[in-house]
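There are 2 protein chains.
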Amino acid sequence: MKKVTVTVLPYGKRVKARIGDSVLDLLRKANIEVTSYCGGAGTCGKCKVKIVNGESISPLTQEEKNLLTEEELKSGYRLSCRTKVLKNTTIYVPGESLVEEEIREKGRFEIKTPLMPSVKCFRVSVVQPSLEDLRSDIERIKDILKSVYGIHVSLIDPLSLTYAPDFIRKKNWNFNVLVRNENEILGFKPVDEDKIYGLAIDIGTTTIGMYIVDLKNGNVVSSGSILNPQVKFGEDVISRLGYILRNGERGLRELNKVLIEGLNSLIEKLSARANISTQDIVDVVVCGNTLMHHIFLNINPLSLASSPFVPHLSSPFDVKARELGLNVLRTAYVHTLPIEAGFVGADNVAVMISLFPKLSGGPYLVIDIGTNGEIVCGNKDRLLSASCATGPALEGATITHGMRAQLGAIEKVWIEKGSYKVSYKVIGNVKPRGICGSGIIDAVSELFRSGLISPSGRFVQDKRCERLRRRENTVEFVIAWGKDTATGKDIAITQKDIRSVQLAKAALYAGAKILVNRLGKGKPKRVYLAGSFGNYIDIKSAYILGMFPYCSIGDIVAKGNLAGLGSCMALLNRKKREEAEKYAKRVRYVELAATEEFDKEFLDALSFPHARDSFPDLEKLLL
Amino acid sequence: MKKVTVTVLPYGKRVKARIGDSVLDLLRKANIEVTSYCGGAGTCGKCKVKIVNGESISPLTQEEKNLLTEEELKSGYRLSCRTKVLKNTTIYVPGESLVEEEIREKGRFEIKTPLMPSVKCFRVSVVQPSLEDLRSDIERIKDILKSVYGIHVSLIDPLSLTYAPDFIRKKNWNFNVLVRNENEILGFKPVDEDKIYGLAIDIGTTTIGMYIVDLKNGNVVSSGSILNPQVKFGEDVISRLGYILRNGERGLRELNKVLIEGLNSLIEKLSARANISTQDIVDVVVCGNTLMHHIFLNINPLSLASSPFVPHLSSPFDVKARELGLNVLRTAYVHTLPIEAGFVGADNVAVMISLFPKLSGGPYLVIDIGTNGEIVCGNKDRLLSASCATGPALEGATITHGMRAQLGAIEKVWIEKGSYKVSYKVIGNVKPRGICGSGIIDAVSELFRSGLISPSGRFVQDKRCERLRRRENTVEFVIAWGKDTATGKDIAITQKDIRSVQLAKAALYAGAKILVNRLGKGKPKRVYLAGSFGNYIDIKSAYILGMFPYCSIGDIVAKGNLAGLGSCMALLNRKKREEAEKYAKRVRYVELAATEEFDKEFLDALSFPHARDSFPDLEKLLL
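Protein chains in written order, with my numbering: chain Z, 1 to 623; chain A, 1 to 623.
Keep in mind that the hints were calculated from the coordinates and are not lab data. Possibly wrong hints are sitting among the right ones.
[What the hints assert, rightly or not] Pairs of lysine-lysine, DSS-like flavour, derived with a Cα cap of 27 Å: (1) Z:K421 with Z:K463; (2) Z:K142 with A:K575; (3) A:K525 with A:K380; (4) Z:K257 with A:K320.
Bound conformation, chain Z alone:
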């Protein structure tokens, strides 16, 4: 196969490629992570590159004509997923196309649960072998665990057998034994090294949250998050699933590999920050939506790609960390929390165990909006769940100037009634590059409150406002003028963006309303927002848009990353794992698309605000 050389600017990196390779693929191979919401399907228009010499690549496609502006086309911009290299060439990757690390963290919290970790450290003082006592090393260790601690160990991880004989003699038969579930010896440690830690991982489609917890006192010693490195294969669940379907097991391995590498780099960073060794991490609990769960466990997720969208594996699962390549204690296990149904995954189960066991009465509505919206309604005895195809609009994707909640994203927007004066807040207090989910919700809500859009979502064009303008067959409202932005281009909300927000919020509202009605226990006592979405959006803005049914604004409480909290609880208290299994079995999944009322509720919910009487606080908020 003939090879060509592609020079990538501004890096000056020279990459070998085969004739016919797509530019997106060759950039991935060179580890240059270009944003691609659609995973290379040619529909999101985010993977823009500039080609220095147009003759060296394949001709312009219809998708590019649709997705690039005339100005961009004139300047030589192309979509890297639609462009194949034909000759040696030079490509410029603009900063706006690059994937950047998230800078807003998933929330912090305090974990309140009794300390009953799976893995414990037992100090033993063992009688040495003699001619009168010929028991094997392991037998005498088992016997002392039984007589002193009353635990009956029957398993031993084989990896401990290589170093143990020498170790226990050098330590003069006094040492600590790591035991899991009072049943399996994971290894041995010196008596003065008894620190053991657990790792909780919440694998979101966009962000991965991680917590290192001290298993002896329950404190979080280190936490952090990274952008899920799988985003280079597509921003949302559907694009990544598509990538795996197109590429089979090889595709699965690729997505698994970047995930594990990303997790390992974060494990190393957080361990270093807490001043511990990764080998002191003796237990791991993982949650995530069903696709993330499957990819993490190397499960081919094809059953999630077509109706009726069942998971391959839904039960809780225990596997040695080394089988997954995770850089923690070599003999440690990873426990994945159970999955409910379809895309309502282990992350939702983690949310439930963090919240419901403590709640009495009810019902409660819990809304966790990541890239998908997952809703649970009920109380600790009876629960319904559903997944809403909110799409990634609320995370900033599919929005014209949308971006993730990164450095340079507009995260808050205010519009003055009458004057239409705009003020905004940018993450990192730098010049803005785009607008993220919480900013979009604010913007649309403020546009409605200030009368610039009608209840149907259309721009009211007869208003005298210079920010409202017609452009390239659409109408848009300028949030930030080019002179104030990092790109020099205006940042605006278009009619199409408003439609995206309408679709997302209507899906969420309809789903939540159907669950409340089906439960039949009346208006929810509280609406809990889980996840970083709930932490960062302005609840008032969301309320004005009509996102949550049957509630006063005072009923809405943001609870932070409940999935992470639930995972930490399952680390510190193994009973929580049994509880998770019970909740996963107890909750009844409602396939919204299959319900009779969904279409009607969804259509009803598209307008702003669609049903005034269900929003008692709306009038005063609109003032």
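Please arrange chain A on chain Z, whose structure you already have, making use of the hints.
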């Protein structure tokens, strides 16, 4: 470090070595397997090589002066373990120093036990997912295993999860499930592929026996043996243990690696011979002496190197075959049988479960002579065991012209009374190269019967016999004249060889007698010989030497490879594994060296035959 080049003849192989490397080590690195009974300690004298240019190597050592004949020294022979290279040189490796593959197989047998294998194949027809039935794939498979077969599966091997989602759909939800212990799913197979096999391995110090068994009908479909490739690190347990002690975990890994490689090559050979795939081997049972067991499981065996010689791990152990690198079904387990105590290992447990459950009355004496002699005395209710340091003499090692039971070994010897005419039988019916264990026992027994050695074991030199001669400070009896041998040299039994046999048989006799006395149930009803030793020696010769206490010749029965048979039984019937654990716990190990009577019994037993009244059949045999 400066390198030199060593040319190895007759191969013409050129090997790079560092100045100061021993010739034995450089030959090992070049994969030329030279016999070394002592593992390089300079005591066995078997690793002879001829040096073409004497100045290129280190000076002659005292050990070499002791162990090589004057003739050999004159011709430039050296011991490769005592010789370090100093300059570029040329080395000739004589055929007699090379390790060759065993050609006599460990015995064959028929396995009689109820068919209750650990791993079974269940055919299922699964209801497909629908909007009304959203159970996950695995859940529905578990449910059908429960409803149709009444088994409750709770574990799934993670490796099956990658291919299963696609596989079960392609097979239209009709397939076979491999389930272990009615508890863990190991994988899936098409409905028309339901063949499953088990593998039994008996790892002897010298020979490895292997059996592939059809788990559906209990037939042995393929069996064979190889020389344990660890022999290049030393012929006996002590030499190999010494190698590991000197080289630490690296040494352990080396010995483990050659073992696993050897096992894998035999697995491939036997699978091909039976026309099955190695991936159809779904279960493995392994036995071996304690050191072989430890090395196989990568357990540092240092506890076996010093008193009180306890194993590190004695309980039965289950580990995934892939963790050990064994080339069978990737998700299969390896089960190692339990160890009794010290060097009385899992092989002896296999012998017990193959024999004792079927025996009534008793007591019985079971003698398994490999490189060590393991003795069990008792009945199924009460058992004593011991290990005798017979040393490798009975396997042909430490004998002047000794060799293993390979092509060219004299395996039977007859001496005519009066004329002292010798006849012999050679393995493979070729010209002899040496004499193996059964031949040595015959030779010494015949020398005694024909009056050429006295009861004390000394040659009776006044006999007129040209074969009996004084040579180099010793006396020897020529079995084969140089004109009739493959090497052109005479093959003889020396006074020293007779002493070695005396030490070995006295250790065995004394051990067996002490066990019979301690049991206190009188004379054994039967003496069972286990292992290839029992299969190939002449029972009459062994009887004349006085190997077995308190028995008539008719009481002695050779049972073949009982360790292999016991392992196969544990494959076909998982109840046998529980039985093995019971036997390992029930048997009381007697540390012979620590008993008061051992020294006296051992000294008494050195002569031929030492106590006529305990050998009722002796007089007529000596005629």
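**OP:** Compare the distance between the alpha carbons of K257 (chain Z) and K320 (chain A) with 27 Å, and conclude whether the hinted pair is satisfied.
**Re:** Roughly 23 Å between the alpha carbons, so the hint for K257 (chain Z) and K320 (chain A) holds.
Original post:
K142 (chain Z) and K575 (chain A): Cα distance at most 27 Å?
Top reply: holds, 24 Å
Subject >> Restraint check for K421 (chain Z) with K463 (chain Z), where alpha carbons must lie at most 27 Å apart >> reply: Satisfied, since the Cα-Cα distance of roughly 13 Å is no more than 27 Å.
Original post:
Does K380 (chain A) lie within 27 Å of K525 (chain A) when you go C-alpha to C-alpha?
Top reply: Since the Cα atoms of K525 (chain A) and K380 (chain A) sit roughly 14 Å apart, the hinted pair holds (cutoff 27 Å).
This entry satisfies every hint, going by the numbered hints stated previously.
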